[in-house]
Amino acid sequence: MQLADIMAAQARYAHCIDEGRLEEWPDFFLPDCLYRITTAENHRLGFAAGLIWADSRGMLEDRVAALREANIYERHAYRHLLGLPLITRADPDGTRSETPFLVARVMRDGATDLYATGRYLDLWVADEAGTPRLRERIVVCDSSRIDTLLALPL
Amino acid sequence: MPDHSPTMALSPPPEAPWPDTLTRVPYWVFQRPDVAALEQTHVFRGETWNYLCLEAELAEPGDYRATTLGGVPILAVRDHDGEIYAFENRCAHRGALIALEDFGKAREFTCVYHAWSYDLQGNLKGVAFKDGIKGQGGMPDCFRMADHSPRKLRTATVCGLVFASASDTVPPIEEYLGDEILDRIERVLGGRRIEVIGRFTQVLPNNWKLYVENVRDSYHASLLHLFFTTFELNKLSMKGGLIVSEAGGNHVSWAAVDREAEARRATSEYALQNLRAESGYRLKDPSVLDGTDEFGDGVSLQILSVFPGFVLQQIQNALAIRQVVPRGVDSTDLHWTYFGFQDDTPELRLMRLRQCNLVGPAGYVSMEDGCVGGFVQRGTIGAADRHAVLEMGGTDAASTRTRATEASVRGFWKQYRRLTGL
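Top to bottom, those sequences are chains A and B. Residue numbers for the first sequence follow the working numbering, so the first one is 1 and each next one is one higher. Residue numbers for the second sequence follow the working numbering, so the first one is 1001 and each next one is one higher.
In isolation and in its complexed conformation, chain A is listed as follows (with noise of 0.2 Å):
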């Protein structure tokens, strides 16, 4: 797997988000994975909750289909910058990246927030058409605080 595969799924990713194409997001991911939301804090410590947690793609269709349909929250978007993907490890299981991240949150009044800085520690199986797909997912936060609440997916 090539570096410029990784980025080219890392852009897809983050515009599915921010255009709001959220029924499309956990096609990102294989179905057996691992997509867990924690912050630097809890990582060094090896705190193993998270604010999301979730080891199926069922689970991730579940998230979408709850902020859908049942959970309530201000309207609001986000906007995701990434950094290039650090490859860390590459085998035949898989390729290992690291990518920065920062996410500002753009509120239905147009207030817009830097809400999120973190990093996406990433473990990256090609499927057989040969797409990256994301095995892994853990979703470093910096900062240990999350302001008001973390509905749209990071």
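Check before you lean on any hint, since a few could be wrong.
Said to hold, decoys possible - Here chain A is said to cover these stretches of chain B; the calculated rule only asks that three of the stretch's residues, wherever they fall, bring their Cβ under 8 Å from a Cβ of chain A:
| hint | stretch |
| --- | --- |
| 1 | 1197-1204 |
| 2 | 1282-1291 |
| 3 | 1355-1365 |
Everything labelled a hint here was simulated from the structure, so no lab data went into it. Everything numeric in this text was worked out from a predicted model, so none of it was measured. Note that beta-carbon positions come from the ideal geometry of N, C-alpha and C, so glycine has one too.
Following the hints, position chain B against chain A.
Just chain B now, kept in the frame of chain A:
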């Protein structure tokens, strides 16, 4: 233009009086800086016990945590005598923070500003250049280190929870909690060794009292939080109730499967009808809710609060402590500590990790609590002459067998008004 008095024009907008009933709360109580200042002396430094941290976080002598009591920086420390001490994280010299890390292990504490040092109980033990240099400068002869130390707090531990009080007159913690609340804390924590599995801070855009009202508000649960109903997950007949402490400020809201009603239902047509999908939504991976009756009593939900800002949560197997900290009139930090127990089986631990999706800032059944306080904070701008109405379930603040009530919200205000005199 007629003459007018600038004094009249500049007089503050009218404010609602606070009638002598628990069913009305004027909105100015969430807005005024002078109310927040009064709370510091009468609530947080008043006759209350305030959660600081877990004993598990102070396992060994020298272990400390920088925590807070109502926003005031506090150090909680375990000394070599095995006891836990708490004192304000403020140097007695010029007021700088003594410890700058959130937690760690220390032999003593030394302020970085002028190197005044303290033992693990907060006693001043060293003043740099106390006797001057070459006979010049130094502290006056009358200076006594024993007269100077950060303010110390009383501490008490209950089932591994560390509480502190700035009051000399507050009753002992067991009495402050009351037997019923104490029983429910022991139900979850008694005889267990807590293991922290995650810590998160949620910044709420509202006054702290709007959050602690929300915690005690059993009326909103099925109305604001639609996750369970949308996915039709609450198929079982539930029973529940509310415990409100004598003073009002502590509460337990609980729900359990009603086995008798379930048995009746199984033999009725109601069971068949209930299988008919209404929303059409189903979880694709319901393992997120896999759980076990780990306390052996069928109680699937127990939300417990201790006045003013402590919450112990059991939602199925998702266990957490929430510490509510005011950061300003319209800002609150909510510190979540997710935990399990040291003897958790791997299966149970996995259940806790999955069920953590229900709670916290991204929780299926709690994310709304992060924003709804802000809706009130913003909705009540310019409404200092108006009241909230708390009449659901009557006018008192007593325990009930229903959760369709605001009794424990009224209970909070009962204790709040007694302490503040408002």
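Is the listed coverage of the stretch 1197-1204 of chain B by chain A valid when you require three or more residues with a beta carbon under 8 Å from a beta carbon of that chain? That given contact holds, which follows from 8 residues of the stretch 1197-1204 of chain B lying within Cβ reach (below 8 Å) of chain A.
Under a C-beta cut-off of less than 8 Å, do 3 or more residues of the stretch 1355-1365 of chain B approach chain A closely enough to confirm the stated coverage? holds (count 6)
Taking beta carbons only, do three or more residues of the stretch 1282-1291 of chain B come closer than 8 Å to chain A? Holds, because 5 residues of the stretch 1282-1291 of chain B bring their Cβ atoms closer than 8 Å to Cβ atoms of chain A.
Consistency with the previously given hints is maintained throughout, with no hint failing.
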